[in-house]
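Each protein sequence line maps, in turn, to chains G and C.
Each number in my numbering corresponds to the 1-based position in the first sequence with 48 added.
Each number in my numbering corresponds to the 1-based position in the second sequence with 157 added.
By construction, these hints were calculated from the structure, which means they are not laboratory data.
Remember, it's a predicted structure, so these values are computed and weren't measured experimentally.
Any given hint might turn out to be false.
[As the list claims (entries may be wrong)] Some chain C residues judged to face chain G by a derived CB distance under 7 Å, without partners named:
{"no.": "1", "residue": "Val225"}
{"no.": "2", "residue": "Ile284"}
{"no.": "3", "residue": "Gly287"}
{"no.": "4", "residue": "Gln290"}
{"no.": "5", "residue": "Leu291"}
{"no.": "6", "residue": "Ser298"}
{"no.": "7", "residue": "Tyr454"}
{"no.": "8", "residue": "Gly458"}
{"no.": "9", "residue": "Ile462"}
{"no.": "10", "residue": "Val465"}
[Stated by the list, open to error] Listed next, with one range per pair, are the computed distances between beta-carbon atoms:
{"no.": "11", "chain 1": "G", "residue 1": "Ser140", "chain 2": "C", "residue 2": "Met459", "range": "15 to 23 Å"}
{"no.": "12", "chain 1": "C", "residue 1": "Thr166", "chain 2": "G", "residue 2": "Ser140", "range": "27 to 35 Å"}
{"no.": "13", "chain 1": "G", "residue 1": "Met208", "chain 2": "C", "residue 2": "Phe271", "range": "39 to 47 Å"}
{"no.": "14", "chain 1": "C", "residue 1": "Tyr193", "chain 2": "G", "residue 2": "Phe163", "range": "45 to 53 Å"}
{"no.": "15", "chain 1": "C", "residue 1": "Asn375", "chain 2": "G", "residue 2": "Ser140", "range": "16 to 24 Å"}
[What the hints assert, rightly or not] Computed list of chain G residues with no C-beta within reach of chain C, every gap over 12 Å:
{"no.": "16", "residue": "Val56"}
{"no.": "17", "residue": "Thr101"}
{"no.": "18", "residue": "Leu106"}
{"no.": "19", "residue": "Val126"}
{"no.": "20", "residue": "Ser174"}
{"no.": "21", "residue": "Leu176"}
{"no.": "22", "residue": "Leu199"}
{"no.": "23", "residue": "Leu201"}
{"no.": "24", "residue": "Ala204"}
{"no.": "25", "residue": "Phe211"}
{"no.": "26", "residue": "Gly232"}
{"no.": "27", "residue": "Asp259"}
{"no.": "28", "residue": "Ser300"}
{"no.": "29", "residue": "Ala303"}
Where a beta carbon is used, it is the ideal one built from N, C-alpha and C, also for glycine.
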Amino acid sequence: MIGPFIGVLYDGFAYGMLLFLLSVGLSVTLGMMNFVNLAHCAFGMLGGFVTVTLINDLQWPFLATLPVAFLAAAVASVVLERVLYRRFYGKSDLDQCLLTIGIVFMSIASAAYLFGTIQQPVQLPSWLRGSVTIFDRGFGVYRFFLICVALVLTAALIGMLEFTRFGAQVRAAVDNLRMARGLGIDVDRVFMLTFALGSGLAGLGGALAIDITGLDPSFALAYLIYVLIVVAVGGLSSIGGSFVAAVLLGISDTAGKYYFPAISSFLIYLVMVGLLMWRPAGLFGRR
Amino acid sequence: MGLSATAMTPLDHIARRSAWRPLEIVFWLLTLLPFYLTPDYLQLASQIAITALFAISLDLILGYGGLVSLGHAAFFGLGAYAAGLFSKHVWGEPLSGLLLAAVITGLFGYFLSFIIASFRGLALIMITMGVGQLMLEAANSAGKITGGADGLQGVKTWPLFNAIRFDLYGNTAYGYSLAALFVCFLVARRITNSPFGLSLQGIRENSTRMLAIGAPNNAHVRQIFTIAAVMAGIAGALLTQTTETVSLETLSFQRSADLLVVLILGGVGRLYGGIIGAIIYMVARDHFSGVNPQYWYFWIGMLLIAVVVFLPNGLLGGAARLAPKSWRRES
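The shape of chain G in the complex, shown without the other chains (with noise of 0.2 Å):
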């Protein structure tokens, strides 16, 4: 009885680490631009297909293409964020829903033309294959892997944002852009280093999910409503937030996909309306 469930919670945890650096970025560009990015998966899905690349096509080993995986993503982003994004910014929610809805559209079909719609296989290297058993429970490595790569990098980040002063930077622009701007910060290119930042996040989470969730042109848009669970449930700009809303999403998907299968995804989008009807600025939501 026990033992499957601390299995539960362990794959749970891991998976809501991933989830977290999925959906941290736009958690504060949202924060701080109101701009609804639903393309944010888009370049998770870039990270992924970048490493698949890499691996598969120029046999790199799998953690060197981890930081080409957060570099394509970032890039990949500022070029967007120059050319469109930045027209939209206080325009309405429609219209960035929209725009991004397009973006989401164009690269599923991209990644479909050039990968194909099949799963990307991806081989990982012999020492995070397997699994170590403790006390008769297997436990995985990789996700062992996974989730210390997330918590390094939740203190990194936490690190940053408190204690550096394009933290403080940042923290200005989330509470007060008008101020901030006011007072000299330059928030045009504040905001969009958060945002490289952030979508290089997505990038490598995306590359760091390939084992655990498959990587196909689907992605894009089959991991964006986690990901809004996620920040709509963690509140806006809150790194905090994200982090408990990732790993609650995280266990109760394991939990719900181990112990109810057949109306597993029900419960999930159930506790999301729930939640957003009783805090609708999320739980650790400020406005």
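Using the hints provided, position chain C relative to the given structure of chain G.
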């Protein structure tokens, strides 16, 4: 807009808005042309009429009420399944099936509207999307009733008025769908050109000020949401009855997103926008998706971006800027 300039009373304003323009009458006469010009494409024409009705329903809440919904397919699918199950288990008489679907989606919409009315912005988008996914998952899980991923089989539609059969070419299907579209359009037109419709636009433009002048915003939002749900349900039921099958796709997120594309393409907040958008979208999809449905979404995505960037008011909005001033609609 012209209130202060010409010192019109609000009733004059409404009367002027609601007068039928010659162009509108021509447009509705043109909808009869497919019977003679393209008899091979009547099934497609019927699908267009259904999509147009669905788009009008979204236009009522989005274009007039200002509520963004990413889960409008929930009502479409509910209507489709209601009509399908009714036809399978009770009888296949189409008009009563349509009525039943309308009542059921109306009740569901009314229930949901109490939740919807108190949210705005991201929370609203997420809740509508969540409800849409809930309905999809519910239909998927209840495979014994709905047929799950295989779709609902065994739907039979009886002849209309017990006399006119639904033929293979879609003569009846198009006539039936077009009639339903026209009736619903008349209702929507009447609503948008009424004091109630004006107060909805007031909510869209500035809800705080509407509250300040004593308008019951939430009640208005609930009413229009319920009406829109009924229309979406009718559109879904029409699809079931004319194709004699229901699939999970009627509830999918894709359908909600496609609908937004249709409406945005045509132009939001002008009723005809949904119809024009449906015609262009469905004809283009019929032509291009045969090549490869995967890549179809590339062009849809590009179109969406282009419309949002270059034609913020859709094709009709763009056309209205070119048209002579006397044709322009005040809104």
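Tested hints:
no., hint, in the structure
1, Val225, "holds, 5 Å"
2, Ile284, "holds, 5 Å"
3, Gly287, "holds, 4 Å"
4, Gln290, "holds, 5 Å"
5, Leu291, "holds, 5 Å"
6, Ser298, "holds, 5 Å"
7, Tyr454, "holds, 4 Å"
8, Gly458, "holds, 3 Å"
9, Ile462, "holds, 4 Å"
10, Val465, "holds, 5 Å"
11, G:Ser140 with C:Met459: 15 to 23 Å, "holds, 21 Å"
12, C:Thr166 with G:Ser140: 27 to 35 Å, "holds, 31 Å"
13, G:Met208 with C:Phe271: 39 to 47 Å, "holds, 43 Å"
14, C:Tyr193 with G:Phe163: 45 to 53 Å, "holds, 47 Å"
15, C:Asn375 with G:Ser140: 16 to 24 Å, "holds, 21 Å"
16, Val56, "holds, 21 Å"
17, Thr101, "holds, 19 Å"
18, Leu106, "holds, 26 Å"
19, Val126, "holds, 18 Å"
20, Ser174, "holds, 35 Å"
21, Leu176, "holds, 32 Å"
22, Leu199, "holds, 28 Å"
23, Leu201, "holds, 25 Å"
24, Ala204, "holds, 27 Å"
25, Phe211, "holds, 30 Å"
26, Gly232, "holds, 30 Å"
27, Asp259, "holds, 25 Å"
28, Ser300, "holds, 15 Å"
29, Ala303, "holds, 17 Å"
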